[in-house]
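Given chain H, put chain B in place with the hints provided.
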Amino acid sequence: MIIYPILLPLIFAIITVLFWENQQVKRALSIISTGLLMIVNINIFFLVYREGIQVVQVGDWPAPFGISLVVDLFSAIMLLTTSIIAFLLAIYSFSGIDLARRKFGYFPLFQFLLMGVNGALCTGDLFNLYVWFEVMLMSSFVLIALGGERTQIEGAIKYVILNLLASTLFLSAIGLTYNLAGTLNMADLALRLQVVQTSGQVTVIAVLFLVAFGIKSAIFPLFFWLPASYHTPPVTITALFSALLTKVGMYTLIRFFTLLFPFESEFTHTIILTSAGFTMLTGVLGAASQTDLRRLLSFHIISQIGYIFMGLGLFTEYAIAASIYFLVHIILAKTALFLSAGMVESIQGSFDLKKLGGLYKHRIGLSMLFLLPALSVAGLPPFSGFFAKLGLIIAGLESKQYFIIGLALFVSLMTLFSMTKVWNEAYWKPPKDSQYADQQKPVSAWRWVPSITIVLFSVLLGLLANPIFEVCQMAAAQLMDPTQYIRAVLGMVR
Amino acid sequence: MQRSIILPVATRFLMPLMLVFSIFLLLRGHNEVGGGFVGGLVAASALMLYAISTSPSALWRLLPLDPRFIAGIGLLISLFSGFIPLFYEKPFMTGIWIETPLPVLGKIGTPTLFDLGVYVLVIGVVVWILLEFAEDE
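For the protein sequence lines, the chains are H and B, in the order given.
With the working numbering as the guide, the letters of the first sequence map in order to residues 1 to 494.
With the working numbering as the guide, the letters of the second sequence map in order to residues 1 to 137.
Next up, chain H with everything else stripped away, as it sits in the complex (with noise of 0.2 Å):
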């Protein structure tokens, strides 16, 4: 069961290599992969939540020597919003994406993306994660780079360069870990690092590994790379990027702080609290500093990881499961924002807030498509962006963290103030050339029905906030206990 999130999309990239040149038949085979996809994984889903965590040996080969797919309630719930995203996606890239792209290979490599993605989500194998970080980087790589605009080489070349740089990082911790504990099934690893686990060696793995994702999630001081490279593709892929890369960066250092180096508890978490606290900060002041509706929002996906990353610091059972529902948050909010600043573009041909105005006096409704996850992500209440911060407050209330509380709810407000300013720059004030003044231009309906879709989502995850984070607290409960996860993989605790 648990291999079909992986098949499913490379079934469907080579079913649309051979459609080539037939662009109806691509995009059908697009909406149906996700489909299918989305109804897999829900099922998933509730196997994992009903009968715990799912193991498939590939090639039934034993776990150790073999390759592990490991399917427990936190990959559960990222496999199931990255499908329902990549089907919105995939309906919103009807009118989202030109005709050249579609040609070039758009749908194959969002294909191959997603394998990419579910196969990091999956995997209880450090080499072959490293081979499925690859997947997703080679298709984004193309992806970013696709179309060929001058900012886009420029953008794509910062991306390739220092992806590459993390990938290099990846393998040679890779290398080292070998070398010390001779295994890379990562449930064997957590046995046998637990006994090595006074060795400087595994701090330094720690680190490297630390560092290697580090650069992937986009936290500080490792950053750089996104606000210069995520606003130059079109809208729909930044979309599909800031919902899966620096995402599945993230959940991979949730899984291994957990799961191999649950120990290194001072030094290491000093280190992650210290760069979530200036990866909150830095990315809500560079997006202050921003007038392009693009980069405004890509400096806001660095400062919404801080606060993942936050969780992950406070190393509580409820700062993990407050970091799980964040992650679902964020995908879905920030999602919805990148989406209606889509539709804002196809109407008024700029992403310029200084060029942008006037969209709620005729925009009503698509106006709220941006306002609701954007108070989301500000994190006012009834909204999920509200139960995340809170969650997270508490946790580090528990854990008696103040600096980092502090400066977590003064970056909120700033965030507050810095979508306050979108709002009255591109809906509220009057637009600066008249021409856009009473403009009616359509916005396709391939574009409003995922977008209204996401924001339900979104609205959702806010008001039913009590039942899901009870499901993420499982999710925490079953990660902060390492012995589960080995159990299931190795059958029994040697």
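It should be emphasised that the hints constitute simulated quantities derived from the structure, not laboratory data.
Any given hint could be a false lead.
[Stated by the list, open to error] Quick list of the computed label-pair ranges, beta carbon to beta carbon:
1) H/Gly52 to B/Glu89: 20 to 26 Å
2) B/Glu132 to H/Leu7: 26 to 32 Å
3) H/Glu149 to B/Leu65: 32 to 38 Å
4) H/Tyr49 to B/Glu32: 44 to 50 Å
[Unchecked claim] Where chain B lies over chain H, by a calculated footprint (3+ residues, C-beta under 8 Å):
5) 10 to 17
6) 57 to 64
By construction, the Cβ of each residue, glycine as well, lies at the ideal position given by its N, Cα and C atoms.
Okay, now just chain B, sitting in the frame of chain H:
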């Protein structure tokens, strides 16, 4: 420009030899040096030799399908070999072998099919890439 006669004549002998050799590499690949990837590269270079000695459009005519299709079919063959164990209620990609060795082919199983897929895929991809660069004069 005057074409040399040596290359087309040599190609006529070399190409079948290389193609046969590529299949030899494909089949011995499971436990010895060789395999689908190497075999595919040798086969693709045989085809490219033909394109160089005659012309790229001649190779287009020679190929039964668009290289893109060849690559896609190769991937599908490899993927299908992974699905076979599912019918025997084993996990994805479990190696299943026939009991008695066949003449010439030897002992084959799902990994052989996987290798065949890789072979076809590599031919498709390499020819696809090189033909994009090559143009008729």
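### Query
Should the hint that H/Tyr49 and B/Glu32 are 44 to 50 Å apart at their CB atoms be regarded as holding?
The hint (44 to 50 Å, Cβ to Cβ) holds, given that H/Tyr49 and B/Glu32 are roughly 48 Å apart.
### Task
Starting from the hint 26 to 32 Å, judge whether the C-beta atoms of B/Glu132 and H/Leu7 obey it.
Since the Cβ atoms of B/Glu132 and H/Leu7 sit about 29 Å apart, the hinted range of 26 to 32 Å holds.
### Query
Is the gap between the beta carbons of H/Gly52 and B/Glu89 within 20 to 26 Å?
holds (22 Å)
### Message
Does the beta carbon distance between H/Glu149 and B/Leu65 stay inside 32 to 38 Å, or does it fall outside?
### Response
Given range 32 to 38 Å: holds, Cβ gap about 34 Å.
### Query
At a Cβ distance under 8 Å, does chain B reach at least three residues of the stretch 10 to 17 of chain H?
It holds: at least three residues are needed, and the stretch 10 to 17 of chain H offers 5 whose Cβ sits within less than 8 Å of chain B.
### Message
Taking beta carbons only, do three or more residues of the stretch 57 to 64 of chain H come closer than 8 Å to chain B?
### Response
As far as the stretch 57 to 64 of chain H goes, the hint holds, because 4 residues have Cβ atoms under 8 Å from chain B.
When each numbered hint is compared with the structure, no violation occurs for any of them.
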